[in-house]
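Colleague: Sequence:
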Amino acid sequence: MKISTKGRYALRMLLDLAEHQNEGFVALKDIAKRQNISKKYLEQIIPILNRSDILNANRGYQGGYRLAKTPEHYTVGDILRLTEGSIAPVSCLDYDPIQCERCDDCLTLPVWKGLNKVISDYLDSITLQDIIDNNKEMIANDYVI
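Residues in the sequence shown are numbered from 30 upward in steps of one, following the numbering used here.
Hints may contain errors.
Distance windows between CB atoms, simulated [unchecked claim]:
(1) 167 with 134: 43 to 49 Å
(2) 34 with 107: 16 to 22 Å
(3) 56 with 137: 20 to 26 Å
Calculated directly from the structure, the hints in this document are not laboratory data.
This one's a predicted model, so the numbers in the text were calculated from it and none came from an experiment.
The beta carbon of each residue, even a glycine, is placed where N, CA and C say it ideally should be.
Generate coordinates for the entire structure from the input sequences, incorporating the hints supplied.
Modeller: Here you go:
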């Protein structure tokens, strides 16, 4: 499983908004500059996030975007599912119930289900706030004598 540029950039964009949540609405051009991501690319990600009520938008002067909720309410798993469509390691797990004609006889299906559970549990256990806190902790512990 590979996470696409869209998924990685959406996560970076939302982290940027989380880090600047006290500044009100943040302009897309500012996010693009800080994250070194094309503004045009971010404009393609915005509709995906807007459909899921992750963002609040404000048009016009002082316009931009901000998170609809606080950063601890957004998991990496939720964000990647929105942008990637699925984070399952094999396509047969994209549907519930499994629609593969071989699922009743598939010896490898339990392997893929187990891997999917590990991936989902891990990504669903990490929030935007966790990433921010972890980064602050790393910076605080990075000292030179």
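Colleague: Given the hint of 43 to 49 Å, check if residue 167 and residue 134 actually sit that far apart at their C-beta atoms.
Modeller: The hint (43 to 49 Å, Cβ to Cβ) holds, given that residue 167 and residue 134 are roughly 48 Å apart.
Colleague: Taking the CB of residue 56 and the CB of residue 137, does the distance hold inside 20 to 26 Å?
Modeller: violated, 48 Å
Colleague: Falls inside 16 to 22 Å, the C-beta gap from residue 34 to residue 107?
Modeller: Holds, since residue 34 and residue 107 (Cβ atoms, about 19 Å apart) stay within the stated range.
The structure fails to meet hint 3 from the earlier list, while all remaining hints are met.
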